[in-house]
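Chemist: These protein sequence lines are chains A and B, in that order. Note that my numbering has the first sequence beginning at 4, numbered continuously upward. Note that my numbering has the second sequence beginning at 267, numbered continuously upward.
If you're looking for bench data, these hints aren't it; they were derived computationally from the structure. Beta carbons: idealized from backbone N, C-alpha and C, even for Gly. Keep in mind that a hint or two might mislead.
Claimed, not checked - 27 Å max Cα-Cα, derived DSSO-like pairs, lysine-lysine:
| no. | chain 1 | residue 1 | chain 2 | residue 2 |
| --- | --- | --- | --- | --- |
| 1 | A | 209 | A | 245 |
| 2 | B | 424 | B | 341 |
| 3 | B | 424 | B | 386 |
| 4 | A | 193 | A | 80 |
| 5 | A | 263 | A | 191 |
| 6 | A | 279 | B | 348 |
| 7 | A | 267 | A | 279 |
| 8 | A | 279 | A | 245 |
| 9 | B | 485 | A | 279 |
| 10 | B | 552 | A | 96 |
| 11 | A | 166 | A | 96 |
| 12 | A | 267 | A | 231 |
| 13 | A | 209 | B | 522 |
| 14 | B | 386 | B | 485 |
| 15 | A | 276 | A | 245 |
| 16 | A | 209 | B | 552 |
| 17 | B | 348 | A | 267 |
| 18 | A | 245 | A | 263 |
| 19 | A | 193 | B | 348 |
| 20 | B | 454 | B | 507 |
| 21 | A | 193 | A | 245 |
| 22 | A | 231 | A | 263 |
| 23 | B | 420 | B | 454 |
| 24 | A | 276 | B | 348 |
| 25 | A | 191 | B | 348 |
| 26 | B | 485 | B | 522 |
| 27 | A | 193 | A | 276 |
Claimed, not checked - So, partial list: chain A residues that the calculated Cβ filter (under 7 Å) puts toward chain B:
| no. | residue |
| --- | --- |
| 28 | 67 |
| 29 | 111 |
| 30 | 127 |
| 31 | 152 |
| 32 | 158 |
| 33 | 194 |
| 34 | 208 |
| 35 | 213 |
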Amino acid sequence: MTKIQKLIFILLFSTFYFLFFSFFSTLAAELYLDTSENQYYIDETFITNIRINVKDNESINAIEGYLKFPSDILEVKDFSTGNSILTFIEEPKINKEEGLISFVGIIPGGYSGRIPGDPGQSNLLGKIIFYSISPGIAEIMFEDISQALLSDGEGTPAELINKGVTIEIQPLDDINPIQNEWQEELAKDKIPPEDFNPEIIEIDGKYYLAFSAKDKDSGIDHYEILEKNFFTNISKLLGRVKWIDSESPYLLKGQSLSDKIEIKAIDKAGNEKIVKLQATHSSPWYKNYFIWAILIISIFYLIWRIIVKQKQNNTRNRHEIS
Amino acid sequence: MFKNLNRFGIFIIILIFLGFLSYFFLFPKEVYSDTADTSVEVQVYTPAPTTPPSGGGYTPPSTTQVVFTGKAYPKSSVTLLKDAQIVATTIAGTDANFQISLSGISPGIYIFSLYSEDSKGNRSSLLTFSLSVTSGVTTNVSGIFIAPTIDVDKSEVKRGENISIFGQSVPQSDIVISVSSDEEFFTKTISGKDGIYLYNFDTSVLDYGSHYTKSKAAKENLISGFSYSVNFQVGTKTVLKETVKISEEGDLNGDKRVNLIDFSILAYWYQRPSPSTTVDLNNDGKVNLVDFSIMAYYWTG
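For reference, chain B alone in the conformation it holds in the complex (with noise of 0.2 Å):
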């Protein structure tokens, strides 16, 4: 048979090798996974019926509950969103776990947010998640683990000096530092007891010009999402930079907040000829959906 293979035939069986290479090697198994990239996980627990007492009697009904068990940040504040809207806050442990209950609730999807502040009053990106919750069952979610918060000590460094990068997340978790520019440079640094974290980069391996950084954490088998990112310039000068909190971006009305009062303002304006530049949050003269994801990004209850 492959004595009267010509050209065509070798052509078509290369072909047919790289075809099943990229299939299995390259391409992802599935078109879509509709599960999130996460570590955070549901168990729905159903409580078992309570048999009344002979005679007859009050059987009470099953309540219908969600559980949140997480890590955050030691000692730290950790606040719930149901829909966009605080409903609950706690205190994490010295070991940076918490467990926020919420009971009462009607059955339904929801979207669920969790964020927390850390030792110096800056703010987690929030972990957003949606849930079905059903009737009478506790539904426990595990595995939270919320991002790091992360700065950076200069909005300026001089080329080849380093920038300290720093920030808090669970204690003694491994922390992964992602510098980019046109390039992506990752690091990698080990939080301390208290979950703080500290990471001097060398800026000689980057271009002049706007840089930004974010960062993750990892502890046993939870893996964290990515912090906000936090800017920085590589220049011909340092520049310390000012204490300022991560941006707040679509805080309009000055309350140190972004909820659902600045959702109604920038509605007001949506589509609306000549937007102040107060809720044209990207400043290209509308108020479009644009303006409305960046307030999304940084929303807060």
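Chain A on its own, in the form it takes in the complex (with noise of 0.2 Å):
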């Protein structure tokens, strides 16, 4: 074979390979990483987005990813939920040890891509802030076991494509200021998380609430709930209310659902959004232990009210007679 008929090969060869991989590529969505840079320093807090691309006439309505970090050069300080187009079954998980981060949510009705003239991204997914620890190469990676599937009424899994990212760590430099994007965003963020409708569930036998708060700027950072009844009405007399850190569906300690439920959605950056439910069933008077307080300290007041009485008569009849 001569020099010109290996290159000719060579190159035909190159081609057919990338055109072979297009192929197969185009036939499938795609879940990736992006960042606004490549190149970060120590001690820096960066945004690493998470989104997902569908292929023409397709429509994917759930999603599970597993992601794979380094360590010993980066370190998660959160996961935002904030904008995302997932409703999320559970809260996304983080292992810093291992280095891995896992969700899981739904897109109900299915997602086909962005419209023609959305003005923005809205493929996103999820977004992780990470924090630079050590210099070196970090590659972020999804796990082979990540999937999506079809909106198809049978959950049949979709042909994807995992795209990571890689970012070069530096070591401290001491001409550029320290950067941290999570904090520039959690200080613009002045948006209460939006109005949310609890709802009172029965699983089991026993009454849930369930609830879901969304958040369009740094996301939904926890939930707490106040269940309202004689005695924490006392208690917020006394200036001791006891919010509870819940997560949806949380079992009510009211279980004959006589009690005023107020439930607080709280952002990343600490904006707060109450709703109060109120009691869907009215109890009987003998169920409502305000009432019985009532009925006994009259009771002893009656009765004190009494015996103060009687002595009174005794001492008086005590001086007639004397």
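Mind docking these for me? Both chains are given alone in their own frames, and the hints should help you get the complex.
Modeler: Set out below in structure tokens:
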């Protein structure tokens, strides 16, 4: 084979190699990461966006993502669900020691891609907030067990290609100021979470509270619940109101459903939205502790008055006799 | 130059020729299209700033608004979901056109879904898309074309007899009906002035066994997505279908809706052992992402 023939053969082989894999990659959806830069310094905090693209004529409605990152170079500070198109089934999980992140959620109705003219990148699934702890090349990659399911009524797995991101972490530089992309986003977030509608649901004969708020900036950080009854009202008078950290669905302490319930959604920047739920069942009077307390106090007062009056009568009689 | 061509050279030239053929005629030009294959499109309108009256005065802040315009069915109810929850409903006109405006929402990324209900109470599939809403502007979403409803008159049909496939869409629109088993058959009809369409499909071309059918509509330059699929059997006898709405799989609390309440019940059972058959939507003995995907498909809000 002459040199020119060899060159042509190599060029052709490369072309067909590229075309072959391009062909198969057009048959798949794409789960990918992006960052604003691909180089940071130690002690900097940066945001990695998780996004999805779908292929033509395909709709995806469920995604499960597993990511691996080098825990000797990067530390995960947080996972923000703000502006995510996913409804999360559970809180994203972070294993800092093993360098693993996982998230799972659905898109009711399915996601078929951005529509023409959409002014922004609306294919966002979540944001990971990383902090760089040592220099090196950090590869943040999806694990092969990540999956996306088609919106076909059967949960058929979609062909999926995962694309991670490689970040270079450089040693500290005295010239450039330390960046904190997340702090900048939190400082801009002045808007509380959106209104939401909690519901009381029954599971296995017990009453739970189901709720899901959305925050279009930094994302929901956590929820707190206050079940208001006689005892909590007393606590409130004493200045001791106890909100409880909770997740949906939340097992109600007051299973008689006579308590009033308040749910507080707090975003990552500390903005709050409180929603109140009226009791769904009006309980009979004999189940109201407050009424019993009044009755008992009244009875003791009456008894005390009778005893005092009796003593007064006895004292008067003794005086009259003497 | 060509005199010296040997067999290897001819082989290389043929490969180059096939390569160009494949690249330009078989493979799409873009590896990914991140835009949906739909007639829906977005236009963002920024209202002109108003000049305050001389001597100062109050300039009202611009409102963040999204306006949805499209086609459903004549006089049908159209429901809009924002992030999977119902936020608005309207009634389409006799021409099936509708418009819904949503004001005062926060800027950000949303998932919007629309569906309609036909004159028989059958619900359409969801038309869902993501959208970035910008503060202080009006975002117009147009070209919305809700998929037809679909149903069949028989749950089982004797092979060789006709099965009626019917539903509702935009009046005088082209309806494409797909009937599938191992092979997919396509047929066309036109909806009437009331948007109702009907097609009698000859089942002699189908094998014995389970099949499904779905439809989509086209009018002017707009194309809808596909409807839900409806199953039927081709066998040795005919059984008329009882009046049953599209399966409400995912309706775990029996309120005829598939929404956050059902999602929360399913979330409770996520990866827990021994789930009940009610929540195990695909009957595989566990509650995992597949069950949530089935629920998401039948979502109503």
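Chemist: Out of the numbered hints, which ones does the structure contradict?
Modeler: 2, 5, 9, 26, 34
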